[in-house]
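2 protein chains.
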Amino acid sequence: MSTDQRPAIVLLSGGLDSATTLAISREQGFTPHALSFRYGQRHALELEAASNVARSLGAASHRVVDIDLAQFGGSSLTSDIPVPKGRSIEEIESGVPSSYVPARNTIFLSFALAHAETIGARDIFIGVTAVDYSGYPDCRPEFIAAFQQAARLGTTIDDLTIHAPLVRLAKHEIIATGLRLGVDYGLTRSCYDPTPAGRPCGECDACQLRQKGFERLGMADPALSPG
Amino acid sequence: MSTDQRPAIVLLSGGLDSATTLAISREQGFTPHALSFRYGQRHALELEAASNVARSLGAASHRVVDIDLAQFGGSSLTSDIPVPKGRSIEEIESGVPSSYVPARNTIFLSFALAHAETIGARDIFIGVTAVDYSGYPDCRPEFIAAFQQAARLGTTIDDLTIHAPLVRLAKHEIIATGLRLGVDYGLTRSCYDPTPAGRPCGECDACQLRQKGFERLGMADPALSPG
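Chains as they are written, first to last, in our numbering: chain C, 2 to 228; chain B, 2 to 228.
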């Protein structure tokens with residue numbers, strides 16, 4: 002297998018961060034295999050976005066795994082707990098919000114690991130970020146490092162690497178990186194609670210962090226412009 | 002919450018090891034919540050056994066989560082690869098067999114973690130054993146310790162403990178422990194490839210390790226006797 006054909010699993014939600022991560026994996030010479038989840042989230046729109054992003058950025062495959070996280074409850078993203086709206090960036094960055102889905106990234110990475118082991122990949126990409134941070138414990142770099150260690154011991158992939166290329170980047174830096182690599186952010190969706198017509202609410206934590214990123218670059222969010 | 006009402010999640014397959022683990026969790030003063038998986042395995046019989054074991058040992062709840070590991074392939078337990086038969090104990094204990102399901106215990110523990118976080122449990126029990134060992138990397142104590150570390154960092158449960166009470170026990174010691182705690186091994190099923198009528202094949206790795214355990218105690222396997 003030549004260097005530029007190394008397969009990698011890329012966790013892809015359809016949001017801004019994971020789309021950028023997919024583009025980065027390709028730039029680094031990997032052949033990306035995208036992995037998404039239908040996990041009882043309110044917004045199946047995410048998956049449509051993920052599919053468009055995977056196609057647009059040339060993923061070698063895109064697999065959607067069904068898992069029912071809603072049965073465990075505990076999150077505003079998978080149950081009837083209201084999505085918080087209109088919080089300031091300071092409020093967003095303090096504490097664990099109700100949109101936290103228990104153990105979500107641990108579960109996603111576990112499936113990525115199974116997929117990697119099956120197709121002979123030794124690399125997994127995940128678009129977590131610890132800056133412009135939503136307060137999720139499973140986005141911290143210490144968690145990613147610890148999971149990598151567990152994954153190496155728990156599989157036959159002794160040299161597995163979990164790449165979190167966004168972990169030290171602020172939102173506007175992520176967007177600038179993606180623009181350089183040809184990401185079409187008009188295809189991505191970040192909102193936790195879109196309107197029935199599929200428009201971002203503009204007020205949830207994800208919408209606010211995203212807006213702040215585009216504003217910092219002096220740009221309009223292409224996902225907000227019609228067409 | 003009094004000491005004897007501490008909730009714990011217990012991974013329960015319906016086999017001998019996890020049944021014993023459930024009994025041990027109760028003896029240690031936990032209120033066990035059993036968690037099983039319908040994961041595309043060939044033998045749904047396991048789940049019937051898990052249900053009987055959970056009821057018999059007084060689990061406070063028993064949840065079955067659907068996950069499709071078969072889509073990743075790579076294992077004789079979830080695909081068309083033949084289950085190995087008639088291997089000697091020495092052969093069983095060398096190398097990773099085809100019945101290894103990629104990242105299975107990582108995935109199972111991740112769901113247990115989500116369940117624990119949701120119900121406020123800080124303890125997870127798993128019946129892995131590194132003696133009479135089937136060669137699965139995700140049964141090693143180093144893996145369990147590393148996963149515990151990742152789980153503490155990736156959730157709000159800073160003091161999470163993953164208990165693997167069987168890890169240093171040989172099969173006959175596990176059986177002796179369970180008998181002392183009232184486990185009815187006639188309810189458990191270990192075979193990787195049972196007959197259409199639900200009888201153990203007697204020749205797969207799991208059957209051989211189980212037989213060896215009962216023989217060592219000078220007993221017949223109660224799951225093999227009619228009625």
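Hints are computed from structural coordinates only; laboratory data are not their basis. One or more hints might be untrue.
Given that identical chains are not distinguished, each listed pair holds provided it fits within a single copy or across any two copies.
Cut-off 25 Å, straight-line C-alpha distance, at most; resulting in silico cross-link-like pairs (SDA-like, lysine to any residue) [unchecked claim]:
id, residue 1, residue 2
1, Lys86, Ala146
2, Lys213, Gly121
3, Lys213, Ala146
4, Lys86, Ser57
5, Lys213, Ala71
6, Lys86, Thr157
7, Lys213, Asp69
8, Lys86, Thr119
9, Lys213, Leu182
10, Lys86, Glu49
11, Lys213, Leu225
12, Lys213, Arg56
13, Lys213, Ala61
14, Lys213, Gln29
15, Lys86, Ala147
16, Lys213, Gln6
17, Lys86, Val65
18, Lys86, Thr178
19, Lys86, Leu180
Keep in mind that this is a model prediction, so the values were computed, not measured.
The hints, checked one at a time:
| no. | hint | verdict |
| --- | --- | --- |
| 1 | Lys86 x Ala146 | neither (32 Å within a copy, 39 Å between copies) |
| 2 | Lys213 x Gly121 | neither (39 Å within a copy, 35 Å between copies) |
| 3 | Lys213 x Ala146 | neither (29 Å within a copy, 40 Å between copies) |
| 4 | Lys86 x Ser57 | neither (31 Å within a copy, 47 Å between copies) |
| 5 | Lys213 x Ala71 | neither (30 Å within a copy, 42 Å between copies) |
| 6 | Lys86 x Thr157 | between (44 Å within a copy, 23 Å between copies) |
| 7 | Lys213 x Asp69 | neither (32 Å within a copy, 38 Å between copies) |
| 8 | Lys86 x Thr119 | between (41 Å within a copy, 23 Å between copies) |
| 9 | Lys213 x Leu182 | within (21 Å within a copy, 59 Å between copies) |
| 10 | Lys86 x Glu49 | within (24 Å within a copy, 45 Å between copies) |
| 11 | Lys213 x Leu225 | within (14 Å within a copy, 66 Å between copies) |
| 12 | Lys213 x Arg56 | neither (27 Å within a copy, 53 Å between copies) |
| 13 | Lys213 x Ala61 | neither (32 Å within a copy, 47 Å between copies) |
| 14 | Lys213 x Gln29 | neither (28 Å within a copy, 51 Å between copies) |
| 15 | Lys86 x Ala147 | neither (33 Å within a copy, 37 Å between copies) |
| 16 | Lys213 x Gln6 | neither (36 Å within a copy, 47 Å between copies) |
| 17 | Lys86 x Val65 | neither (29 Å within a copy, 34 Å between copies) |
| 18 | Lys86 x Thr178 | neither (28 Å within a copy, 53 Å between copies) |
| 19 | Lys86 x Leu180 | neither (28 Å within a copy, 55 Å between copies) |
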